[in-house]
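**Q** Guided by the hints, dock chains B and C onto chain A, whose structure is given.
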Amino acid sequence: MSPNILEVTGLEKHFGGVHVTCNINFTMQEGEQAAIIGPNGAGKSTFMNLLTGYHRPDAGKVMFAGREITGLPPHRVVRRGISRAFQVSSIFARMTVRENVRAAVQAQMRATFRLFASGHSLGAEETERVLAMCGLAGKRDLVAGELAQGDKKRLELAIALAGKPRLLFLDEPTAGMSIDEARSTMELVDRLNRELTLTVLFTEHDMGIVFNHARRLTLLHRGEIILEGTPGEVRADATAQKIYLGEHHL
Amino acid sequence: MTANAKRTGPLSRLYAKFGISGPVTPVLLAAAIGVPWLPGEFWTHVGTEVLILGLFAMSFNLLYGYMGQISFGHAAFFGVGAYATAMLFTALKGADGQIGVADFLLSLLVGPPVAALTALFVGFFCVRLTGIYFAILTLAFGELLFYIVFSWYSFTKGDDGIQGLLPPPFFQDSTNFYFFTLAIVVVAAAAMWRITESPFGYAMRTLRDNQRRAAFLGTNVRAHMLANFVIAGAFAGVAGALWGPFSRSVNPTLLGWGESGIAVFMTLIGGAGSFIGPMLGSVIYTMLQAVVKMYTVYWPLTIGTIILLIVLFAPGGILGMIDKRVQATRARDGAAEAEAAAAARAEAPRP
Amino acid sequence: MDIAPYALQLFSGLSRAMVLFLLSAGLSLIFGVMNILNFAHATLWLLSGYVTFSIFTFLGQQFGASPWMLVPAIAGAVAVMALVGFALERFLIRHTYDRELPEQLLLTFALVLILGDVIKLIWGLENRRINLGVRPIEMLDTLVNPYQFVIIGTGVAVAVGLWLFLHRTRLGKIVRAAVYSRSMVSALGIPIPKIYALVFALGVGLAALAGGVFLPLLPMALGVDLDIIVQCFAVVVIGGFGSMLGTFVASIIVGVVYSFSILFWPDGALAMIFLIVIAVLIVRPWGLFGTELRY
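Protein chains in written order, with this note's numbering: chain A, 571 to 820; chain B, 2 to 352; chain C, 1454 to 1748.
Source of the hints: derived by calculation from the structure; they are not laboratory data.
A few of these clues could be false.
[What the hints assert, rightly or not] Straight-line C-alpha distance at most 25 Å; calculated DSS-like pairs for lysine-lysine:
1. B:Lys158 - B:Lys94
2. A:Lys734 - A:Lys709
3. B:Lys325 - A:Lys709
4. A:Lys709 - B:Lys18
5. B:Lys18 - B:Lys325
6. C:Lys1573 - B:Lys294
7. C:Lys1647 - C:Lys1626
[As the list claims (entries may be wrong)] Restraint-style ranges between C-beta atoms, simulated for each label pair:
8. A:Asp711 - C:Arg1552: 24 to 32 Å
9. B:Ala332 - A:Val658: 22 to 30 Å
10. B:Ala341 - A:Asn610: 45 to 53 Å
11. B:Pro40 - C:Arg1552: 40 to 48 Å
12. B:Ala17 - C:Arg1552: 28 to 36 Å
13. C:Trp1718 - B:Trp300: 28 to 36 Å
14. C:Ile1645 - B:Phe314: 23 to 31 Å
15. C:Arg1552 - B:Glu338: 30 to 38 Å
16. B:Pro170 - C:Pro1458: 55 to 63 Å
17. A:Phe683 - B:Gly98: 40 to 48 Å
18. A:Glu716 - C:Phe1539: 35 to 43 Å
19. A:Asn610 - C:Phe1602: 51 to 59 Å
20. A:Asn593 - C:Ser1636: 26 to 34 Å
All C-beta atoms, glycine included, are put in the ideal place defined by N, C-alpha and C.
So here's chain A without its partners, still in its complex pose:
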């Protein structure tokens, strides 16, 4: 059995006439923490969308933990053990912070069809644990839609973590956060990666974050993988520099 927890082969996607994902091959081992970087429009979010079932790929295969998940709808992908945090925080705006996390916990417990159980007490302990882990315990009764931007991203992460994933996708996890918030969030991610063997793949624009928290980088440009390697290797690469300075044309 392959040690790779994630295997992507030949992934392709067109929208109308536009080729947004071109023949991508990508693997991750369990416990890895890696990042995908690239200029805006490179296709990073689309890549995550394709892996998590939000879009159906036109060609290619995605294997997770040895089983194929290509083309499965999001809820099935999530149930296999993949969780995802969105770039623009996608939370349940009219519910409180606690209710947000609790809903995620109850979904993970497969309890959402229970009509006569108590929605308040089921999963309450686990909810508190996740809230505390993400530093949201003091804000549990606030309405999610009224949170500050950084707190919304933290809630976004908390919801993703409540699903007890084996593989976590983070789309620009520190966008909109202050330096301190960003640091504590990424420290949390590091800790989870270490302690729970949580495989993490994130996209980022902040190169400082990327170099400090990713052990492997993949550079995406116009839907293709241009380069892969350790942060040091990628930083030194001339092609990478050109892409980011906008001079590179394929």
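**A** Using the frame of chain A, we list chains B and C on its own:
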């Protein structure tokens, strides 16, 4: 000091625990119990109508307020429930038009399951869509069912409707029937409350707030929507089952979009954001209609204008408005208290 | 085979289709550009029928009755209704752009009730109909009402005119662009509120044209708007919101199916339409020519 006292009163405690429905529900219940003491049969009769249609509106709100989808065909399940009960009733009643209590209750029992099955069929197609397409598809199905009932004369008596639904003598007394209805509505509402406060109920709220994210929680959106659709249809069927014996007849308009509109209006007036809002809306709507129709034939103009004003200025309905006021007052009191506490701290001698 | 009843139904169906097209085109444009489903569209159509009737009668009294009075009557009604549409958008609908869909739907739903009673208030309960005194002509072994050809001609002319507007004029291209992306149009510096006002007035103007044109064919009566609006929904669903070609094709489908259903299952003509709508919504919710819904 006054703020503290307000916050620990019984209504306040109910508000803290259950939201705006907390204090309002006991008040409505007390008023409901008191209705038959009003002179004459008129109020008891109106009260029964309020209760039945209020239950219907609350079932609609399971889809709208809790799940965020607007259905313009919900009356189809109300009407199907009414017809199922009416047809069994007609089959079981004697040649003299009388029906025994056991047969009467049996005929009532058949309404909700038939409505639920219909909702299962209709919902199977409708939950594949959301938003505007869901609204139109539910409208289309509602109208389709209306036309089927209207045209299928041999089975449903078409436009003539089914007449002669005279309950047993005990229930012919309007006060008895009223309390019977009240009991059923209270039990149904209690069941609905359990459901809305269950993990399922909170899953519904996630579908309302952010369907995409709900899918990424692992929730099978379609399956959950279908389940809620069937549940809402079942409760509409309970209301429909009661309607036939109440008004002594059923007719095809019970399935049409006019009737669906009534549930929507009641929910909007009372407030979709609270559990008991639709029932309050039923009280206001039914009374308003009774009064306005005494003076003018232009009821559509009246209710249309009211809906317009509510949408523009008070989209949360009456309970929504009250809730906002209460929260604003509490925030103000809380801020004032915090200020006072900070001032007190500033003056206190430091150790 | 006796072709007469089928020919009759075909012409009747096509003229009905053209009326549906004029109405649904406005509805589709309004929804495509503004994302508002105007429940009151058919009620505005009904209102314009009554307005046309009043103008026609007035002109007949002033200048002598003649079928040609219909032309200025319709022109007058279109002008009046475009103003009404402009006012409705400016003072009521505009407030709902940032609201959720159900609230927008309910606002236009409320307008159905209000306008319906306004018609009752002003014109009372009687039907209104214009008899142009046109003699039927003989065609294909049967007597055909030649006015139906006028309607068909008008419908085709408007369809062509609309196409030219949308594809060959700058303003029309802006409107088409707005269907695809409001934010882009706004980013180009074009004032979206003005576009909305224009589109809404245009849509209502088309409805008014449909109302006036329809008047000599069948009586306008209270409640007809409710029948028609559901058929309009059917057309825009089948054809696809925002697509004029789709609306045109779907109007013909709905109009002809309705007319032929009258032959076989009179009560169920509308039910037939609903079945088609249900089928489309299940198989291809964005309609025949609409832009595909993203996953």
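**Q** A:Lys709 and B:Lys18 were given as a pair; does the straight-line alpha-carbon distance stay at or below 25 Å?
**A** Holds, at about 18 Å.
**Q** 24 to 32 Å was suggested as the range; check whether the CB atoms of A:Asp711 and C:Arg1552 agree with it.
**A** holds, 27 Å
**Q** Just to be careful, I want the Cα atoms of A:Lys734 and A:Lys709 compared with a cutoff of 25 Å; is the pair within it?
**A** At roughly 22 Å apart (the allowed maximum being 25 Å), A:Lys709 and A:Lys734 satisfy the hint.
**Q** Need the status of pair C:Lys1647, C:Lys1626: alpha-carbon distance at most 25 Å?
**A** holds, 15 Å
**Q** Taking only the CA atoms, is the gap from B:Lys18 to B:Lys325 under or equal to 25 Å?
**A** Roughly 16 Å between the alpha carbons, so the hint for B:Lys18 and B:Lys325 holds.
**Q** Look at the Cβ atoms of A:Glu716 and C:Phe1539 and judge whether their distance stays inside 35 to 43 Å.
**A** holds, 38 Å
**Q** Compare the distance between the alpha carbons of C:Lys1573 and B:Lys294 with 25 Å, and conclude whether the hinted pair is satisfied.
**A** holds, 16 Å
**Q** Do B:Pro170 and C:Pro1458 keep their Cβ atoms within the hinted range of 55 to 63 Å?
**A** With Cβ atoms ~57 Å apart, the hint holds.
**Q** A:Asn610 and C:Phe1602, beta-carbon distance inside 51 to 59 Å?
**A** Distance hint for A:Asn610, C:Phe1602 holds at roughly 57 Å.
**Q** Quick one: are B:Pro40 and C:Arg1552 within 40 to 48 Å, going by C-beta?
**A** Check passed, 44 Å falls within 40 to 48 Å.
**Q** Between C:Ile1645 and B:Phe314, does the beta-carbon spacing fit 23 to 31 Å?
**A** This hint holds: roughly 24 Å between Cβ atoms.
**Q** Would you mind confirming whether the straight-line C-alpha gap from B:Lys158 to B:Lys94 stays at or under 25 Å?
**A** It holds: about 17 Å lies between the C-alpha atoms, which stays within 25 Å.
Of the numbered hints listed earlier, not one is contradicted by the structure.
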